[in-house]
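Asker: Now for the letters of each chain:
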Amino acid sequence: MTRAWLPLAIFAVLVAFLYKGLSLDPKNIPSPLINKPAPEFSLPRLYQPDEVLSKKDLLGRVWLMNVWASWCVACKQEHPVLMILAKKNIVPIVGLNYKDTNEKGKDWLKHGGNPYNVVLVDQDGRAGIDWGVYGVPESFLVDKKGMIRHKFTGPLTINSIENELLPLVRQLNQEPS
Amino acid sequence: MKRILLSLLMLLASAYSYAGIEVHTFSTSQQEADYKQLINELRCLVCQNQNIADSNADLAKDLRREIYGMISNGQNRDQIVTFMTDRYGDFVMYRPPFKPSTAVLWAGPFVLLGLGVIGLLLFIRKRKNMPVSDQISEADHTRAMGILDNDNDNKSNNS
Chain A
593 MTRAWLPLAI FAVLVAFLYK GLSLDPKNIP SPLINKPAPE FSLPRLYQPD
643 EVLSKKDLLG RVWLMNVWAS WCVACKQEHP VLMILAKKNI VPIVGLNYKD
693 TNEKGKDWLK HGGNPYNVVL VDQDGRAGID WGVYGVPESF LVDKKGMIRH
743 KFTGPLTINS IENELLPLVR QLNQEPS
Chain B
19 MKRILLSLLM LLASAYSYAG IEVHTFSTSQ QEADYKQLIN ELRCLVCQNQ
69 NIADSNADLA KDLRREIYGM ISNGQNRDQI VTFMTDRYGD FVMYRPPFKP
119 STAVLWAGPF VLLGLGVIGL LLFIRKRKNM PVSDQISEAD HTRAMGILDN
169 DNDNKSNNS
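Chains as they are written, first to last, in the numbering used here: chain A, 593 to 769; chain B, 19 to 177.
Bound-form chain B, shown alone:
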């Protein structure tokens, strides 16, 4: 019983073991929501596959502190995103804006899907137009009969 309780307790504790653990107080719930959204959408440049909410890197801590400061000063989301992209480029955003340099990134999958659909339609159409006949040539017929005969012979041998 003790063991079960202990393991349950440990399970509970594991829920708290993520990185962004600084305690911040916000004056409005809107600010808190903005903060949470921003640190989840901005990429940590040190460990590139983590956002700055999850990352334990020193830079991520500094950036969380910076973003908290800016939000407390009443800056809005756009201002903070501009602050970040001015310094680190579009790379900091997990959802980069649509512009010529990111066009392939955003449009690429749809273009490929379109090409696939076109290819599929062409294939289906081609197959529909293929002549289907129930006649076969004499040569094919004897060949098929030969195969069938062989098959029957094998069966009788086995039994």
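Excised from the complex, chain A in its bound form:
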């Protein structure tokens, strides 16, 4: 009788691992950029193409980098959430219009509203590579020293804003710049 327990135990362990595997999201790859300095960038602004914004312009404040595109389906789902976040006026949101055309990007913001304090343009996706972007939308929370402290892969939700983003923003705002 005891002999039957061993295969059963092995089977149970296997089932436990496989069951756990079902609830893991294969799209959620830990970013190596967490707690590292945000990549240097110097990108033109969507509405003032002659002006560029770079990382050092944003030092000294906590800000959210949101990578989006008009061709991205999940961004449509995220957009109203970003609008709500923008209304709270708790953290400045920098939009990175990733591999998009300026016309389509502007069109999108005209119709859905513009939650961004600044919109930057990354037409060839080069800045996206530096930020390790692989699935739009993605959001990065950057602290006062210009370090990436958290990454959200996929659309932000009311839930993730309330439970993850806002507590972290409050904490980072306490830190010295």
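Not one of these hints is a red herring.
Below, in silico cross-link-like pairs of lysine to aspartate or glutamate (EDC-like), each with a Cα-Cα straight-line distance of 16 Å or less: (1) B:LYS54 to B:ASP96; (2) B:LYS79 to A:ASP716; (3) A:LYS619 to B:ASP108; (4) A:LYS691 to B:GLU84.
With the Cβ distance kept under 7 Å, some of the chain A side facing chain B (calculated, not the full set): (5) ILE621; (6) PRO624; (7) GLY717; (8) GLY724; (9) TYR726.
Keep in mind the hints are simulated off the structure, nothing from the lab.
Ideal Cβ placement from N, Cα and C applies to all residues, glycine included.
For chain A, the structure is supplied; the task is to place chain B on it using the hints.
Answerer: Chain B alone, transformed into the frame defined by chain A:
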């Protein structure tokens, strides 16, 4: 005949229908070999079960272009691999480096094989030490004879 020729032609054409079709020129054959090896070893993060050589995803195209640029600038394999893992993590490599977080991945199969071999040896040894005797008890003997008799009865009934 025409049909056969046509289907042969189509077969030939199918050989060219893979994704990494950009035409690149390299200054040395070493660079070309490095490029081919890299795009075959790096995983596309959008379609995770393809390497960036096979993937048609936009990101894979961008990364091929990036890697081509770096190789043309004379950067070596290690520099490019570091560039990729700095941004996307070890996940981009189909052969991740051996370190504490990947130890189970690399050593796991050998550990399991070892456990299996040990289990098998124990089993064989146990079986060897089992007493084997050609004596059976009286009760077993009558039971066996009974079964054999029944069997013979059935046979004669059938025939």
